[in-house]
Amino acid sequence: MATMTMIQAIRSALDVMLRRDDNVVVFGEDVGYFGGVFRCTDGLQAKYGAARVFDTPIAEGGIVGIAIGMAAYGLRPVPEIQFADYFYPAYDQIVSEAARLRYRSAGDFAAPLTIRMPCGGGIYGGQTHSQSPEALFTHVCGLRTVMPSNPYDAKGLLIASIECDDPVIFLEPKRIYNGPFDGHHERPVVPWTGHPLAEVPEGHYRVPLESAAVVRPGSAVTVLAYGTMVWVAEAAAQETGVDAEIIDLRSIWPLDLPVIVESVQKTGRCVIVHEATRTSGFGAELAALVQEHCFYHLEAPIERVTGWDTPYPHAQEWAYFPGPARVGAALQRAVET
Amino acid sequence: MSQYPPLSLHVPEPPGRPGRDTDFSYLRLSPAGAVRRPPVDARPSETGDVADALVRVLDDAGRAVGPWDPHAEPRFLLTGLRAMLTTRTFDARMQTAQRQKKLSFYMQCLGEEAIGVGEALALEPTDMCFPTYRQQGILIARGYPLVDMMCQLFSNERDPVRGRQMPVMYTSRSHGFFSISGNLGTQYVQAVGYAMASAIKGDTRIASAWIGDGSTAEADFHNALTFAAVYRAPVILNVVNNQWAISSFQGIAGGEAATFAARGVGNGIASLRVDGNDFLAVLAASGWAAERARRGFGPTLVEWVTYRAGAHSTSDDPSKYRPADDWKRFPLGDPVARLKQHLIALGAWSDDAHARLVAEVEATVIAAQKEAEGYGTLATGHVHDTSTMFDDVYKEMPPHLKRQRAQAGT
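These protein sequence lines map, in sequence, to chains F and L. One point on numbering: in our numbering, the residue at position 282 of the first sequence is 282, and numbering is uninterrupted. One point on numbering: in our numbering, the residue at position 146 of the second sequence is 146, and numbering is uninterrupted.
These are calculated hints, taken from the structure and not from any lab test. Even glycine gets a Cβ: it sits at the ideal position worked out from N, Cα and C. Some hints here could point you the wrong way.
As the list claims (entries may be wrong) - As a list, the in silico SDA-like pairs of lysine to any residue whose alpha-carbon atoms are at most 20 Å apart:
{"id": "1", "chain 1": "L", "residue 1": "395", "chain 2": "F", "residue 2": "47"}
{"id": "2", "chain 1": "L", "residue 1": "395", "chain 2": "F", "residue 2": "96"}
{"id": "3", "chain 1": "L", "residue 1": "395", "chain 2": "F", "residue 2": "208"}
{"id": "4", "chain 1": "L", "residue 1": "395", "chain 2": "F", "residue 2": "46"}
{"id": "5", "chain 1": "L", "residue 1": "201", "chain 2": "F", "residue 2": "210"}
{"id": "6", "chain 1": "F", "residue 1": "47", "chain 2": "L", "residue 2": "402"}
{"id": "7", "chain 1": "F", "residue 1": "47", "chain 2": "L", "residue 2": "382"}
{"id": "8", "chain 1": "L", "residue 1": "402", "chain 2": "F", "residue 2": "210"}
{"id": "9", "chain 1": "L", "residue 1": "201", "chain 2": "F", "residue 2": "44"}
{"id": "10", "chain 1": "L", "residue 1": "395", "chain 2": "F", "residue 2": "23"}
{"id": "11", "chain 1": "L", "residue 1": "402", "chain 2": "F", "residue 2": "49"}
{"id": "12", "chain 1": "L", "residue 1": "402", "chain 2": "F", "residue 2": "138"}
{"id": "13", "chain 1": "L", "residue 1": "201", "chain 2": "F", "residue 2": "211"}
{"id": "14", "chain 1": "L", "residue 1": "395", "chain 2": "F", "residue 2": "256"}
{"id": "15", "chain 1": "L", "residue 1": "402", "chain 2": "F", "residue 2": "74"}
{"id": "16", "chain 1": "L", "residue 1": "101", "chain 2": "L", "residue 2": "382"}
{"id": "17", "chain 1": "L", "residue 1": "320", "chain 2": "L", "residue 2": "39"}
{"id": "18", "chain 1": "L", "residue 1": "201", "chain 2": "F", "residue 2": "51"}
{"id": "19", "chain 1": "L", "residue 1": "201", "chain 2": "F", "residue 2": "74"}
{"id": "20", "chain 1": "L", "residue 1": "395", "chain 2": "F", "residue 2": "109"}
{"id": "21", "chain 1": "L", "residue 1": "395", "chain 2": "F", "residue 2": "207"}
{"id": "22", "chain 1": "F", "residue 1": "47", "chain 2": "L", "residue 2": "201"}
{"id": "23", "chain 1": "L", "residue 1": "201", "chain 2": "F", "residue 2": "208"}
As the list claims (entries may be wrong) - Far from chain F by the CB rule (all over 12 Å, computed), these chain L residues:
{"id": "24", "residue": "5"}
{"id": "25", "residue": "19"}
{"id": "26", "residue": "95"}
{"id": "27", "residue": "124"}
{"id": "28", "residue": "160"}
{"id": "29", "residue": "177"}
{"id": "30", "residue": "230"}
{"id": "31", "residue": "317"}
{"id": "32", "residue": "350"}
{"id": "33", "residue": "353"}
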């Protein structure tokens with residue numbers, strides 16, 4: 001067992017799949033010789049050749065468009081969008097094409113591709129290098145949207161995504177690429193080294209899709225989170241002493257509803273945390289699902305702690321980021337109601 | 001005060017409107033046989049003159065002339081003539097059936113039959129086409145059952161896409177016909193990806209992409225040209241310039257100042273501008289592009305100059321935006337009549353034989369329609385069961401769709 005950062009775990013997943021399946025191809029802006037701006041594909045071109053791991057022109061609509069054609073041929077493309085903030089030119093190809101190809105052709109063609117994209121803020125990336133666009137994908141029928149929160153899950157979920165016959169949007173929270181960041185930006189960076197979830201097998205394994213994880217059992221309130229916010233929620237629970245049960249969704253949509261329902265029916269309280277903007281964010285869907293399935297168990301209003309409804313600011317990013325203080329305050333409100 | 005006069009915006013206007021005959025001199029035709037045929041390994045920049053001229057084989061007397069003559073056997077040409085006539089007859093019957101409310105919508109390819117049929121016959125049957133909604137001739141030329149096409153149009157219980165798509169959005173992997181989207185241009189870059197995949201796998205199959213003049217304005221067109229050129233993808237990039245995108249003439253897509261073929265040359269792609277109503281020119285240019293792709297010399301962009309003789313679809317009336325008799329005056333004529341004339345000039349065909357073929361094709365299409373209508377039409381309500389609406393969204397149906405299917409009561 002090796003200790004890996006999330007970057008190394010993602011690279012290991014790509015390595016495993018490139019080795020196991022000749023139909024897997026990896027491409028995107030700067031992913032070839034250089035190995036990607038976040039280094040997730042470092043060394044893969046040298047190992048598998050330029051016909052399977054290669055650089056592309058700066059045209060996200062083209063990157064996803066060729067991926068769909070390759071998938072129609074029978075390949076398993078894993079394109080990278082350099083930052084999630086750059087995917088918008090590819091939205092038509094994702095929504096109108098990849099997501100609906102199986103449906104519109106009644107299974108004659110399909111688009112089993114996995115689109116990786118780093119998301120989230122906390123790196124002083126401003127409004128074009130910080131977004132969390134998951135709700136723009138969860139609203140689209142036919143897509144799967146996945147976001148890991150640690151190296152072990154990142155590798156297992158990425159392998160499961162590549163092996164999945166549906167198109168998968170694989171969002172990588174870049175702030176936790178190198179360590180379990182809990183929102184305390186004023187403190188020294190904590191690396192993945194030594195963390196149990198950074199113990200990653202070298203070989204092939206899957207973390208199943210549509211499967212959430214209870215990362216902290218508790219009895220007072222259920223916290224629904226994913227990506228970086230899992231770590232922020234853990235810090236908030238620890239600092240407030242609220243006995244929160246924290247659920248890492250891992251697969252945002254389709255999701256693992258039974259785990260959520262069981263937890264909220266037990267605690268009677270629910271706080272939803274995401275970094276994306278609030279209005280029509282995925283938290284709205286979660287709140288609706290919780291009230292549909294747990295209404296008579298609820299003891300307090302469902303809370304949402306999210307990014308504000310503004311573009312992601314540069315100099316004010318820590319006022320925007322829903323850190324442990326805001327999450328902790330919500331936990332206390334929930335349990336004191 | 002500025003020393004310059006006030007600026008004004010140029011909004012392109014077509015060279016003809018209702019009540020004002022079209023001046024077709026804007027097409028800039030070359031005489032049949034006049035344009036040179038570059039070697040298939042020509043550098044893209046060496047095709048600039050061909051992209052600015054018009055490759056034609058059939059002259060006004062129906063003779064095949066010049067370096068692009070494909071020297072096709074008359075029997076092969078008769079196969080093309082039959083497929084074009086079948087396509088035209090099929091279109092006419094379905095157009096009428098739409099007026100009878102047996103289908104919700106239809107799009108014919110009247111006047112453009114040579115392009116889809118000719119290229120399909122020039123390609124290998126295993127090459128994958130990524131068509132628009134006006135290349136039904138590919139399916140017909142490749143022998144896809146007319147009954148299955150009609151069942152798709154009628155959205156009946158035998159509709160291969162189970163009622164999920166508007167009429168004419170066919171799909172047939174087995175016939176090398178990629179699922180038609182309905183969003184314009186998206187398939188163009190997908191075809192490039194398919195061709196890249198074929199090259200990655202060391203396959204020998206190539207891809208053929210289709211787009212209309214209007215949709216070349218979409219980013220997908222430009223992405224396709226960039227990726228095809230960068231990776232020397234084995235793909236034919238067809239631009240069907242039928243002069244009209246619903247009511248917008250090709251100048252609105254940028255056709256005034258440069259040919260659509262010229263866009264290929266600027267992107268580093270060998271490019272040809274070809275008479276799309278000349279069946280022999282279609283065979284020759286498609287064959288040239290296919291050979292180039294198969295030999296690893298990369299993509300070819302082919303602009304097919306043709307004319308959309310009918311309405312855009314059953315939802316518009318072209319006499320509202322262009323002269324009603326425009327097609328009759330279009331200088332490149334009718335592809336069916338021109339091939340017939342050529343075959344008669346060769347001594348391989350006659351008016352009587354043609355009349356017999358027309359009657360035979362009509363009988364075939366009518367018989368197919370009778371069978372397809374027997375399976376139901378949109379008017380009879382014999383559509384796929386509502387419960388199937390939830391299938392194929394994902395490979396395996398997730399729990400939320402199972403719940404919704406139950407809520408829908410199916």
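Structure-based check of all given hints:
{"no.": "1", "hint": "L:395 with F:47", "in the structure": "violated, 32 Å"}
{"no.": "2", "hint": "L:395 with F:96", "in the structure": "holds, 17 Å"}
{"no.": "3", "hint": "L:395 with F:208", "in the structure": "holds, 15 Å"}
{"no.": "4", "hint": "L:395 with F:46", "in the structure": "violated, 34 Å"}
{"no.": "5", "hint": "L:201 with F:210", "in the structure": "violated, 32 Å"}
{"no.": "6", "hint": "F:47 with L:402", "in the structure": "violated, 43 Å"}
{"no.": "7", "hint": "F:47 with L:382", "in the structure": "violated, 55 Å"}
{"no.": "8", "hint": "L:402 with F:210", "in the structure": "holds, 14 Å"}
{"no.": "9", "hint": "L:201 with F:44", "in the structure": "holds, 18 Å"}
{"no.": "10", "hint": "L:395 with F:23", "in the structure": "holds, 19 Å"}
{"no.": "11", "hint": "L:402 with F:49", "in the structure": "violated, 43 Å"}
{"no.": "12", "hint": "L:402 with F:138", "in the structure": "holds, 17 Å"}
{"no.": "13", "hint": "L:201 with F:211", "in the structure": "violated, 34 Å"}
{"no.": "14", "hint": "L:395 with F:256", "in the structure": "holds, 17 Å"}
{"no.": "15", "hint": "L:402 with F:74", "in the structure": "violated, 28 Å"}
{"no.": "16", "hint": "L:101 with L:382", "in the structure": "holds, 14 Å"}
{"no.": "17", "hint": "L:320 with L:39", "in the structure": "violated, 45 Å"}
{"no.": "18", "hint": "L:201 with F:51", "in the structure": "holds, 9 Å"}
{"no.": "19", "hint": "L:201 with F:74", "in the structure": "holds, 10 Å"}
{"no.": "20", "hint": "L:395 with F:109", "in the structure": "holds, 11 Å"}
{"no.": "21", "hint": "L:395 with F:207", "in the structure": "holds, 18 Å"}
{"no.": "22", "hint": "F:47 with L:201", "in the structure": "holds, 17 Å"}
{"no.": "23", "hint": "L:201 with F:208", "in the structure": "violated, 29 Å"}
{"no.": "24", "hint": "5", "in the structure": "holds, 38 Å"}
{"no.": "25", "hint": "19", "in the structure": "holds, 39 Å"}
{"no.": "26", "hint": "95", "in the structure": "holds, 24 Å"}
{"no.": "27", "hint": "124", "in the structure": "holds, 15 Å"}
{"no.": "28", "hint": "160", "in the structure": "violated, 6 Å"}
{"no.": "29", "hint": "177", "in the structure": "violated, 9 Å"}
{"no.": "30", "hint": "230", "in the structure": "violated, 6 Å"}
{"no.": "31", "hint": "317", "in the structure": "holds, 28 Å"}
{"no.": "32", "hint": "350", "in the structure": "holds, 42 Å"}
{"no.": "33", "hint": "353", "in the structure": "holds, 38 Å"}
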